[in-house]
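Chain by chain, the residues:
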Amino acid sequence: MMVTRWMLCLLGLMLLLAVVVLASLSLGIAGIPVTKLVSIFLHGRGSTEYSIVFDIRLPRILLGMAIGGSLSLAGVILQGMFRNPLVEPYTLGISGGAALGVSLNIVLGSAAAGRFTFPVCGSLGAGAVIVFLYFSSVRKSMVKLQGLLLNGVMISFIASALVMLLMSLSSTETLHGIVFWVMGSLGEPDIALITLMLGMSVVLLAVAYFFCHHLNALALGEDEARHLGIPVERTKKVLFIVSAVLTGFCVSVAGMIGFVGLVVPHFMRRIVGHDHRILLGASFLAGAIFLIFCDTLARLMIAPSELPVGVITGIAGGSVFMYALSRGEVR
Amino acid sequence: MLLVKGLSCGYGRKTVISAMNVEVAEGEFFGVIGPNGSGKTTLLRALSRAIKPIRGSILLKGKELWDIPLADVARQAAVVSQLVPRVPMTVEEFVLLGRIPHFERMQFVESARDIEIAHKSMALTDSLRLKDRPMDQLSGGERQLAQIARALAQEPKLLLLDEPTAHLDIRHQVVIMDLLKRLVRELKLTVVMVLHDLNLASEYCDRVALISDGQVFKAGTPAEVLDYQVIEAVYQTVVVVHKNPVSGKPYVLIVSEDELKKNRDAYTRGT
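Those protein sequence lines, which keep their order, are chains A and B. So the first sequence is numbered by my numbering: it starts at 1 and just counts up by one. So the second sequence is numbered by my numbering: it starts at 1 and just counts up by one.
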């Protein structure tokens, strides 16, 4: 009965995902009817429409799927582990590290070497923060969650202060580069990087599923989880690494796309319940749907120009969340 | 069932329990009593593997507790804590969590047997009627019943409880204590329970250990331990111990400062 309900939820979300993907493929400056997509795929190789749909729109959708899914998965894991619904992937300062890495890349001029330097520097920055957090609060036999949280928040502040320092010292052009990166975008052209991102997010989703019972038990508190035979310290270590790597990759590839990791897990908890066996998968799918939807809006709203997707996720996510909160839908 | 030998443990540098010896026989209803800060809860936390001993050993069925794999411990001993986490899940989901230690390596959902055991534990604790209610909307007594049901779903041999009757009215206190007594009798469980209420301990426990300053001051039947001289020495409070007219068990009465003064004055006046 419970399993049937879960399957229906997942099926519904997958259908919704399909709808959003098709809509996103067909909508744009060059409107292509959904009905024509198949024939373009089969016969249209080499045409302009083929390259619009499959070389420009599809990679972007795949990246949206990977980033949206990863961010909201990281959000679910962290909220479950910290038993705090206000924690999100960016709370731990990993995004701050990535932002600092990318800003340095722009300011020091190494960005001139090519587009690929952005994710590289971003992941270096994120990696540095992960290593610092791991050795300062995680490695010891007891993972002090409060300490980890405080360290993360402090790193966020320090990193954003340093980014602002760099911004204040840099020229208008450099400033523009930093600001645009910080706002986040799914316009990553490198298909290899997109494939890597998508593959990694699916693998880490599978890893997270090995810990679904652990997360359910942790909801009762660490002592209670231990009484149920859960190796609490090891679990926290693995979950920290999983969510940190997810966040690091997302921010390095797509910049700071806010709100997905905070709002989507909340909504899914309302809809599918608190059981992580369904929550992990449902949040992943819902995150993907939400981000593809927002990105499509970002492309359409002031076409031919486009809005930063982070603006849409913030406004859409925040206002829907406040509406739900006012109706008492979110606890 | 449980043998504690020369146990010392505490938090950080602070030792709360030093060189403590306790023995609990199989099928016994065992109470741990003592003043605040004497180390009752610390003992229970050591028994449930929440804190590691500095010295000494804890044997569960003859095996060193810390050498038993964590999941095995969870299949043999269940813990009921004083405060039940207010989680937004239904009672049934909450009780089913107790089946986690019994899951096979790659088991993803509860089997029919898991659900049957969970329902049986809920029926036994009179919480089956609450099955679909959310945990965070139950009263204190109902939550405690659900928590005992979850502990029973672990199919333990030993039940460790930390003041399960704290914050409950007398009706619910009696409900919980009667239930535990019945579990000891019918399921042959061993119960180790930390208690503040000396009279509850006296009524229900087969044996009690009175803890003072991290050591066992006296252990034995309630009649042996709950002696007014012993209690006054440990609690530094004047008490009167009577017999419960119904059960014949000792009953501890407190004496207020005013009454004490009146009595003393009367005594010195020679009446």
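The reader is advised that the hints may include incorrect statements.
[Unchecked claim] Facing chain B, according to a computed beta carbon distance under 8 angstroms, are these residues of chain A, among others:
hint, residue
1, 3
2, 4
3, 33
4, 35
5, 36
6, 40
7, 43
8, 161
9, 213
10, 219
11, 223
12, 224
13, 229
14, 234
15, 271
16, 275
[Unchecked claim] Derived DSSO-like pairs: lysine-lysine, alpha-carbon spacing no greater than 30 angstroms straight-line:
hint, chain 1, residue 1, chain 2, residue 2
17, A, 144, B, 249
18, B, 5, B, 243
19, A, 144, B, 181
[Claimed, not checked] Listing some non-contacts, in silico: residues in chain A with all C-beta distances to chain B over 12 angstroms:
hint, residue
20, 46
21, 175
22, 232
Hints were generated in silico from the structure; no laboratory data involved. What you are looking at is a predicted structure, and each value in this text was computed from that prediction instead of being measured. The beta carbon of each residue, even a glycine, is placed where N, CA and C say it ideally should be.
Go through the hint on residue 36(A) and say holds or violated, using the shortest Cβ distance to chain B against 8 angstroms. 41 angstroms, violated
Residue 232(A) remote from chain B - nearest C-beta pair above 12 angstroms: 9 angstroms, violated
Restraint check, 8 angstroms cut-off on beta carbons, for residue 271(A) near chain B: 13 angstroms, violated
Given residue 219(A) as an interface hint, is the shortest Cβ-Cβ distance to chain B below 8 angstroms? 6 angstroms, holds
Min Cβ distance, residue 3(A) to chain B: is it shorter than 8 angstroms? 6 angstroms, holds
Closer than 8 angstroms between Cβ atoms is the bar; does residue 234(A) clear it against chain B? Give me holds or violated. 10 angstroms, violated
Hey, does the residue 33(A) contact hint survive, CB to chain B under 8 angstroms? 42 angstroms, violated
The output says residue 46(A) does not contact chain B. Does that hold with a beta carbon cutoff of 12 angstroms? 46 angstroms, holds
Per-residue hint verdict: residue 43(A), partner chain B, C-beta under 8 angstroms: Result: violated, 43 angstroms to nearest chain B Cβ.
Interface restraint verdict for residue 275(A) against chain B (beta-carbon cut-off 8 angstroms): 7 angstroms, holds
Please verify that hint: residue 213(A), Cβ, nearest Cβ of chain B, below 8 angstroms or not. At 5 angstroms from the nearest chain B Cβ, residue 213(A) passes the 8 angstroms test, so the hint holds.
Return the status of the interface hint for residue 40(A): holds when the least beta-carbon distance to chain B is below 8 angstroms, violated otherwise. Violated: closest Cβ of chain B sits about 40 angstroms from residue 40(A), beyond 8 angstroms.
Hint compliance for this structure: hints 2, 3, 4, 5, 6, 7, 8, 14, 15, 17, 18, 19, 22 are not met, and every other hint is.
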